[in-house]
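With the sequences and hints as input, model every part of the structure.
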Amino acid sequence: EAAVTQSPRNKVTVTGGNVTLSCRQTNSHNYMYWYRQDTGHGLRLIHYSYGAGNLQIGDVPDGYKATRTTQEDFFLLLELASPSQTSLYFCASSATGAGNTLYFGEGSRLIVV
Amino acid sequence: GEQVEQLPSILRVQEGSSASINCSYEDSASNYFPWYKQEPGENPKLIIDIRSNMERKQIQELIVLLDKKAKRFSLHITDTQPGDSAMYFCARASSSFSKLVFGQGTSLSVVP
Numbered sequence: 018e019a020a021v022t023q024s025p026r027n028k029v030t031v032t033g034g035n036v037t038l039s040c041r042q043t044n045s046h047n048y049m050y051w052y053r054q055d056t057g058h059g060l061r062l063i064h065y066s067y068g069a070g071n072l073q074i075g076d077v078p079d080g081y082k083a084t085r086t087t088q089e090d091f092f093l094l095l096e097l098a099s100p101s102q103t104s105l106y107f108c109a110s111s112a113t114g115a116g117n118t119l120y121f122g123e124g125s126r127l128i129v130v
Numbered sequence: 018g019e020q021v022e023q024l025p026s027i028l029r030v031q032e033g034s035s036a037s038i039n040c041s042y043e044d045s046a047s048n049y050f051p052w053y054k055q056e057p058g059e060n061p062k063l064i065i066d067i068r069s070n071m072e073r074k075q076i077q078e079l080i081v082l083l084d085k086k087a088k089r090f091s092l093h094i095t096d097t098q099p100g101d102s103a104m105y106f107c108a109r110a111s112s113s114f115s116k117l118v119f120g121q122g123t124s125l126s127v128v129p
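Chains as they are written, first to last, in our numbering: chain A, 18 to 130; chain B, 18 to 129.
One should not assume that every hint holds.
[Stated by the list, open to error] Below, simulated DSS-like cross-link-like pairs (lysine-lysine); rule was C-alpha separation at most 30 Å, straight line:
#1 A/82 x B/54
#2 B/54 x A/28
#3 B/62 x A/82
[What the hints assert, rightly or not] Some, not all, of what chain B presents toward chain A, calculated at C-beta under 10 Å:
#4 19
#5 23
#6 49
#7 60
#8 61
Please keep in mind that the hints were generated in silico from the structure rather than gathered at the bench.
Positions of the beta carbon are idealized from the N, C-alpha and C atoms, including for glycine.
In structure tokens form, the structure reads like this:
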């Protein structure tokens, strides 16, 4: 099964703080995604990428930046964290896009106080 | 046009009975509809999917139905077991197949 690794797994930061969530996949997948999971909202897409240097805007991008530095690595940046960004964040990868299986990482739980 | 509506949000069934989850969408260009299962404390995993050239697909106790005319699809779990207790998400792929849009999720509990 495809391996997707996220770090950190847990993070607590203060309002206004700077947070970087990291994701690495080692399956040579082209597509990588960042989702947030909140009760009542399911999984909502923040940003995604179809290759190194590429970035696509998702459905809930406000307050987030992302960067795909290599095919393996996709980062989610919160430069001025707010309590509304307290959530469970999942990274996922897929070989050729959403018509194929998405493989999710273990998740990163972020709390903004 | 992007949303996927999923109902119910909470479902509780007796072990051995069937469970049904329903989803609807607006974008008629959608052609791929997967279902993901998330066990407590775990990440979501694909369990079954259906493409628009099919109306029904079955994998063991999982049945997916697709009504493209009504823009609805559904998951049916027959003979439910305690191991089926989890969060279930429906999803649809965008017409460009670049992203998945998920429903709000259904928390299924199978009780003895």
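Against the structure, the hints come out as follows:
1. At most 30 Å may separate the alpha-carbon atoms for a hinted pair to count; residue 82 of chain A and residue 54 of chain B meet this at roughly 28 Å.
2. A threshold of 30 Å between alpha carbons decides the hint, and for residue 54 of chain B with residue 28 of chain A the separation of about 25 Å falls inside it, so the pair holds.
3. At most 30 Å may separate the alpha-carbon atoms for a hinted pair to count; residue 62 of chain B and residue 82 of chain A meet this at roughly 26 Å.
4. For residue 19 of chain B, the shortest C-beta to C-beta distance to chain A is roughly 6 Å, which falls under 10 Å, so the interface hint holds.
5. A least Cβ separation of about 7 Å between residue 23 of chain B and chain A falls short of the 10 Å threshold, and the interface hint therefore holds.
6. Annotation: interface hint on residue 49 of chain B holds; nearest CB of chain A at approximately 5 Å, less than 10 Å.
7. Nearest Cβ of chain A to the Cβ of residue 60 of chain B: about 4 Å, under the 10 Å cut. The hint holds.
8. With 10 Å as the threshold, the beta carbon of residue 61 of chain B comes within range of chain A, its nearest partner Cβ sitting at about 5 Å, so the hint holds.
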